[in-house]
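Participant: Residue numbers (this note's numbering), protein chains in the order written: chain A, 5 to 163; chain B, 5 to 163.
By construction, these hints were calculated from the structure, which means they are not laboratory data.
It cannot be assumed that every hint is accurate.
[To be verified] Capping the alpha-carbon separation at 30 Å, the derived lysine-lysine pairs in BS3-like fashion look like this:
(1) B:Lys108 <-> A:Lys32
(2) B:Lys108 <-> B:Lys19
(3) A:Lys108 <-> A:Lys32
(4) A:Lys31 <-> B:Lys19
(5) A:Lys31 <-> B:Lys108
(6) B:Lys32 <-> B:Lys108
(7) A:Lys108 <-> A:Lys19
Since the model is a prediction, treat every value here as computed from it, not as a measurement.
Number of protein chains: 2
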Amino acid sequence: MATAAAALNGAVADKVGVVIVDHGSRKKDSNEMLVEFGRLYEQLTGQEIVEVAHMEIARPTIEEAVARCAERGARRVVIAPYFLSRGRHIQEDIPALVREAQQKHPGLQCTIADPIGIDPLMVRLIGNRVAAALERPGPDGVAAAAAAPALAVTDRAQA
Amino acid sequence: MATAAAALNGAVADKVGVVIVDHGSRKKDSNEMLVEFGRLYEQLTGQEIVEVAHMEIARPTIEEAVARCAERGARRVVIAPYFLSRGRHIQEDIPALVREAQQKHPGLQCTIADPIGIDPLMVRLIGNRVAAALERPGPDGVAAAAAAPALAVTDRAQA
């Protein structure tokens with residue numbers, strides 16, 4: 005469906021690239037988690053051009069990921085911060101890095117998306133984690149899955 | 005509906021408290037964001053006992069939030085980490101703090117939920133942020149909302 009829609013809108017829409025950017029870590033596992041998330045994003049959204057980047061410490065950098073989007077034919081790039089809250093990294097560091105990347109690629113239009121923030125989808129996600137924890141057997145070997153309010157979480161949030 | 009379910013299961017289920025725990029920050033805004041998330045969680049899930057806590061730096065501590073759940077009648081407490089990935093805080097620091105809290109409240113059963121991690125719901129959330137960024141007017145004053153693949157994101161991820 006995404007392919008058909010893309011073909012349909014191909015004439016009017018600039019080709020979009022998405023760069024998902026996290027903080028960056030010295031730990032390989034943490035950086036690889038973002039790569040895994042990028043793959044899932046690509047798979048579930050059907051978005052053709054998806055790259056990941058780390059704000060600092062690890063590579064690819066934001067500029068490298070933006071360059072890769074350009075190489076892959078993007079005309080517009082959305083930088084999506086994989087950050088929970090709107091701290092200094094969101095307000096200062098990432099905008100500065102995106103400005104630098106933008107200057108190196110004047111033909112591209114770069115836009116920064118909002119960070120994760122407060123969202124009902126996150127309530128559902130945390131609600132699912134809570135429900136799964138309650139389903140684990142307790143010390144007495146009996147699952148406490150009957151605990152109703154926590155399980156009702158998902159239903160209400162889905163409505 | 006959650007209320008009816010709770011009443012129905014009241015006899016068989018231990019009363020559950022949920023403690024949503026983040027890292028904790030020197031910035032008031034960041035700590036207040038978690039309070040706001042806790043309120044939304046309570047509101048959308050219908051969960052009766054919801055407390056927030058900070059792993060370090062700010063209060064309430066995990067122990068304080070667990071104590072508050074006990075005061076409010078919880079018999080079982082799920083500590084839900086508001087952390088993106090499974091780093092040292094998840095593997096060592098939070099379990100140590102929960103063990104301490106558990107020792108002070110032997111009548112409670114404390115369980116730690118998984119952190120946020122990789123999840124299709126997060127793909128939807130980031131997809132929504134990307135779509136919103138694309139709807140903002142570009143430098144030429146024209147919204148790039150026609151960019152099909154990014155907008156198809158939400159539909160496919162919802163399916």
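Participant: Now, for every hint given, state plainly whether the structure supports it.
Facilitator: Each hint, compared with the structure:
1. The hinted pair formed by Lys108 (chain B) and Lys32 (chain A) fails the criterion: a straight-line CA distance of about 37 Å is larger than 30 Å.
2. Proximity of Lys108 (chain B) to Lys19 (chain B) is assessed by CA-CA distance (about 19 Å); at most 30 Å being required, the pair is judged to hold.
3. Annotation: proposed proximity of Lys108 (chain A) to Lys32 (chain A) holds, straight-line Cα distance about 29 Å (limit 30 Å).
4. The suggested pairing of Lys31 (chain A) with Lys19 (chain B) is violated, with an alpha-carbon distance near 39 Å, which exceeds 30 Å.
5. With a CA separation close to 34 Å, the supplied pair Lys31 (chain A) and Lys108 (chain B) exceeds the 30 Å bound.
6. Simply put, Lys32 (chain B) and Lys108 (chain B) have alpha-carbon atoms about 29 Å apart, close enough for the 30 Å limit, and the pair holds.
7. Among the hinted pairs, Lys108 (chain A) with Lys19 (chain A) is consistent with the structure: their alpha-carbon atoms are about 19 Å apart, no more than 30 Å.
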